[in-house]
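Novice: Here are the chains, one letter per residue:
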Amino acid sequence: QKEVEQNSGPLSVPEGAIASLNCTYSDRGSQSFFWYRQYSGKSPELIMSIYSNGDKEDGRFTAQLNKASQYVSLLIRDSQPSDSATYLCGLLGGTSYGKLTFGQGTILTVHP
Amino acid sequence: NAGVTQTPKFQVLKTGQSMTLQCAQDMNHNSMYWYRQDPGMGLRLIYYSASEGTTDKGEVPNGYNVSRLNKREFSLRLESAAPSQTSVYFCASRDTGANVLTFGAGSRLTVL
Numbered sequence: 001q002k003e004v005e006q007n008s009g010p011l012s013v014p015e016g017a018i019a020s021l022n023c024t025y026s027d028r029g030s031q032s033f034f035w036y037r038q039y040s041g042k043s044p045e046l047i048m049s050i051y052s053n054g055d056k057e058d059g060r061f062t063a064q065l066n067k068a069s070q071y072v073s074l075l076i077r078d079s080q081p082s083d084s085a086t087y088l089c090g091l092l093g094g095t096s097y098g099k100l101t102f103g104q105g106t107i108l109t110v111h112p
Numbered sequence: 113n114a115g116v117t118q119t120p121k122f123q124v125l126k127t128g129q130s131m132t133l134q135c136a137q138d139m140n141h142n143s144m145y146w147y148r149q150d151p152g153m154g155l156r157l158i159y160y161s162a163s164e165g166t167t168d169k170g171e172v173p174n175g176y177n178v179s180r181l182n183k184r185e186f187s188l189r190l191e192s193a194a195p196s197q198t199s200v201y202f203c204a205s206r207d208t209g210a211n212v213l214t215f216g217a218g219s220r221l222t223v224l
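Protein chains in written order, with the numbering used here: chain A, 1 to 112; chain B, 113 to 224.
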């Protein structure tokens, strides 16, 4: 079983809509969770990190963490065409110190 | 402040040849990582070094070796390249305090 699983996508939403990206993980000891955005041909860049159960908001982005359900999500409100990218869910493993793994990514397209 | 520098950016190899991908960071980060990225597969962890003097296998270590030469440098070696190792390789380093992973620009490797 892969340590991090993302909803496979691709996901297409109209401009102005809410995009919802989901991720589940297997290591119950994981403490740190990340969402990265990657534009085509570029390196991943950090959008948000989350460590505690609940919601964390940053502008149009909200990360949600539920450790009991081993579930992390990212909501993008008022989606813009510039949000079109691959979104990668990552986590810092609890059982292996320093091990940082990612899911397979979700391709998001926001159409005008 | 260059961040994470990877060399080379592009390389074409023949099956059976060997090569080393170099990575250096100037941010005094303790942890360093090598990932490969293939279409639809997200980022897969090859090897990581949680701190200077330690290295550990990731999800897909077969066919690769690594060396953490010092705190700044973490190299990835392909001893006998295979077509299945055609990929984009990313090096990254992590600030364990801020928990932010910074990526290099990537190295595109083609094995014929």
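Careful, some of the hints might be misleading.
Said to hold, decoys possible - Below, in silico cross-link-like pairs of lysine-lysine (DSBU-like), each with a Cα-Cα straight-line distance of 30 Å or less:
id : chain 1 : residue 1 : chain 2 : residue 2
1  : B       : K126      : A       : K56
2  : A       : K2        : B       : K169
3  : B       : K169      : B       : K183
4  : A       : K56       : A       : K2
5  : B       : K169      : A       : K67
6  : A       : K42       : B       : K126
7  : B       : K183      : A       : K42
None of these hints come from the bench; they were simulated from the model.
Novice: Give a verdict on every hint.
Specialist: Verification of the hints:
1. Restraint check for K126 of chain B and K56 of chain A: the C-alpha separation of about 48 Å exceeds 30 Å, so the hint is violated.
2. Between K2 of chain A and K169 of chain B the alpha-carbon distance is near 15 Å, which keeps this suggested pair within the 30 Å criterion.
3. Between K169 of chain B and K183 of chain B the alpha-carbon distance is near 18 Å, which keeps this suggested pair within the 30 Å criterion.
4. Between K56 of chain A and K2 of chain A, the direct Cα distance comes to roughly 26 Å. Compliance with the 30 Å bound is thereby established for this hinted pair.
5. Distance hint between K169 of chain B and K67 of chain A is fulfilled; the C-alpha atoms sit about 26 Å from each other, no more than 30 Å.
6. Distance hint between K42 of chain A and K126 of chain B is fulfilled; the C-alpha atoms sit about 26 Å from each other, no more than 30 Å.
7. Of the pairs offered as hints, the one joining K183 of chain B and K42 of chain A holds, with about 26 Å between alpha carbons and a cut-off of 30 Å not exceeded.
Violation of the numbered hints given earlier is confined to hint 1; every other hint is satisfied by the structure.
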